[in-house]
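Undergrad: If you want the building blocks of each chain, they are given just below.
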Amino acid sequence: MTVATAVEAEVLLTIRDLTAEVEGVPILKGVNLTVKKGEVHAIMGPNGSGKSTLSKVLAGHPDYRVTGGEVWYRGQDLLRLAPEERAHLGLFLGFQQPVEIPGVTNGDFLRLAYNARRKAQNLPELDALDFDELIQEKLRIVQMDAAFLSRSVNEGFSGGEKKRNEILQMALLAPELAILDETDSGLDIDALRIVAGGINQLIGPHNGVILITHYQRLLNYITPQWVHVMAQGRIVRTGGMALAQELEARGYDWLLGQGDGN
Amino acid sequence: MGIDSAGEASFLAWREQAWAQVQQPDWPVYDQEAWRGTEVKPWLQVPRRLAPVAPVKGDMARVPELPGRVVVVNGRVVAHEGLPAAVGLGGWRELTSAERASLGQGLPADGFTALNQAAVPELLVVRVRGIPTHPVHLVHYSQGEAEPVLVCPRAVVQLAPGTQLTLVTEYGSAGAGATNGVLELHLGPGSRVEHYLVQRESPAAMHLLRVGVHQSQDSHYALWTVSAGARWSRCEVWVEQTGAGATTQLRGLSLVGGKQHSDMHSVITHAQPRGFSRQVHKCVVAQQGQAVFHGTVRVKPAAQGTDAGQINHNLLLSQQAKVDTRPQLAIQADEVQCKHGATVSDLDPAMLFYLQSRGIDAQSARLLLVEGFVQELLREWPFPTLRQDCQTWMQQLTQAEAMV
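Chains as they are written, first to last, in this note's numbering: chain A, 1 to 262; chain B, 1 to 404.
Note that these hints are calculated values from the structure, not bench results.
Be aware that a few hints might be false.
Under the rule of at most 20 Å between Cα atoms (straight-line distance), these lysine to aspartate or glutamate pairs were calculated in the DMTMM-like manner [to be verified]:
(1) A:LYS119 to A:GLU176
(2) A:LYS162 to B:ASP348
(3) A:LYS119 to B:GLU335
(4) A:LYS29 to A:GLU85
(5) B:LYS300 to B:ASP348
(6) A:LYS119 to A:ASP145
A few chain A residues that don't get close to chain B, going by computed Cβ distances all over 10 Å [claimed, not checked]:
(7) VAL22
(8) ASN47
(9) ALA59
(10) HIS61
(11) ASP63
(12) ARG86
(13) HIS88
(14) VAL104
(15) ASP108
(16) SER152
(17) GLY159
(18) GLN169
(19) LEU173
(20) GLY197
(21) ASN200
Here chain A is said to cover these stretches of chain B; the calculated rule only asks that three of the stretch's residues, wherever they fall, bring their Cβ under 8 Å from a Cβ of chain A [unchecked claim]:
(22) 160-169
(23) 351-359
Where a beta carbon is used, it is the ideal one built from N, C-alpha and C, also for glycine.
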């Protein structure tokens with residue numbers, strides 16, 4: 001990966017034949033995927049197909065063991081990096097179930113996270129005052145009240161508030177690659193609009209987004225260039241928006257036989 | 001200074017009385033049940049010399065937020081300054097005979113209490129007559145020369161009816177000394193005390209402190225503790241609500257690492273109607289540290305309408321870290337509301353991963369979670385310098401842990 005041709009420079013993420021297991025059970029059985037700058041990929045598929053596992057493996061969750069394949073991210077061997085190093089390189093995972101952290105205020109958490117990335121980029125850290133100005137601006141994107149900053153991280157947040165808090169973190173950290181794991185699940189229509197708006201603000205020529213979603217409805221707001229279907233630990237089909245619409249009409253059953261022997 | 005009444009005949013007689021007790025062959029050194037989980041042996045193994053009166057070294061334990069202070073070195077007052085007008089200092093001489101008779105009341109009648117009485121160099125009396133303008137900082141320090149010393153400080157705080165006090169007591173040391181301290185507070189009717197207690201003895205030290213609290217009618221006593229130092233420590237808090245409608249709050253924190261042993265032992269006795277008490281104690285235990293929490297709430301037959309609650313939360317940072325927790329209720333009245341409980345947990349891997357996935361390194365994430373665990377208690381300390389000290393101690397616990 002040292003050869004930087006004009007085409008390769010556009011590539012953010014390359015996944016080759018990735019296999020992984022959790023507690024000895026193989027979940028990913030050979031995933032291949034390439035994400036370039038400026039691209040939005042949707043990964044769809046039934047429950048248990050390995051979508052969430054893929055996102056956690058990419059973020060470096062310690063419970064998941066990679067058993068084969070490779071992942072290159074911005075020219076680095078991603079699988080060798082600690083979770084925080086992946087974050088410093090601009091990889092962001094939007095959690096399906098954001099974690100509650102009692103006693104740690106959201107504001108402190110956000111500032112630590114932001115400054116950790118600044119430090120990794122050799123940029124000066126922001127003090128409380130400057131950070132406050134920045135976060136106020138980001139809060140508006142997700143229409144969250146500043147009161148959320150003084151509450152413990154995600155503690156007592158509604159489902160929709162937790163997801164908006166994920167998008168707030170994403171907006172703040174401005175990742176090069178955002179992997180959003182069912183960020184749309186459990187949202188009412190207003191929250192879905194806000195979340196989709198936050199994601200759309202991030203999308204640009206320098207960023208890539210992987211949307212993991214069970215349903216097509218998020219794709220009414222965000223248009224991916226690529227739609228992939230995962231089944232039984234592999235990507236079994238890749239297409240454009242037409243594929244998402246076909247899935248909405250026909251369900252997943254017609255694709256499920258294609259997971260094995262591919 | 002008007003404090004030193006060490007030469008008084010009645011004071012010497014009071015001490016002699018305790019010497020006589022200590023020397024009786026059947027005098028109990030300690031109550032085995034009350035000391036379950038904590039070894040007494042370390043106390044008995046090392047021969048100790050009573051600490052001599054020592055000069056103050058340096059400008060010890062100065063907290064900028066606490067201008068009014070009394071410095072006690074090896075059990076004797078060596079300096080005091082900036083005390084509020086509503087607070088008076090005195091010694092044995094200033095105690096009424098009734099007050100003298102009440103010394104040691106409510107504390108265990110065992111070898112440790114007797115030894116303190118027998119060896120206390122002087123008695124410090126703090127008398128509150130009104131509503132002080134600022135807190136009183138009581139700094140206890142023990143220092144030995146080459147050999148291990150025994151220090152037996154004792155202070156009595158008397159609050160007149162309707163008065164208030166914010167009291168900060170610190171215990172620190174240099175070297176391998178042993179402290180066997182007693183602190184007694186008498187709260188007059190309707191009086192209020194906010195008490196902050198810091199145990200920051202040197203890593204080689206041993207520390208036993210008995211706090212006896214007597215609460216008259218409608219008095220309020222709130223105690224925040226941080227126990228961070230000493231290789232062996234035990235803090236005993238004995239609260240007795242002797243008047244109706246009294247309220248008590250105990251909010252403690254034990255920070256335990258290395259090979260430290262740290263014991264929090266509390267007994268709240270509701271003896272009169274309509275008493276209220278709440279206790280929250282948290283232990284953070286790292287490395288091979290051992291923490292003990294033994295908290296008892298007693299409700300006597302007359303204490304109808306008591307409302308008591310007690311909870312102990314423990315966070316273990318290593319496989320070797322241990323905690324022994326025993327929340328206890330002993331209820332002899334019918335019309336009461338009492339609840340208690342305890343939890344023990346490790347750092348949650350899901351929380352750690354969440355923080356790391358946001359770019360916060362493992363070490364900082366651990367510290368953040370420990371801070372989060374103690375936050376509800378620590379944020380109540382109104383003294384930034386002491387909060388910062390706690391921060392440093394927590395940092396040491398999580399750092400040392402990462403190296404194991």
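Undergrad: What are the numbers of the hints the structure violates, in ascending order?
TA: 3, 4, 5, 6, 9, 10, 11, 12, 13, 14, 15, 16, 18, 19, 22
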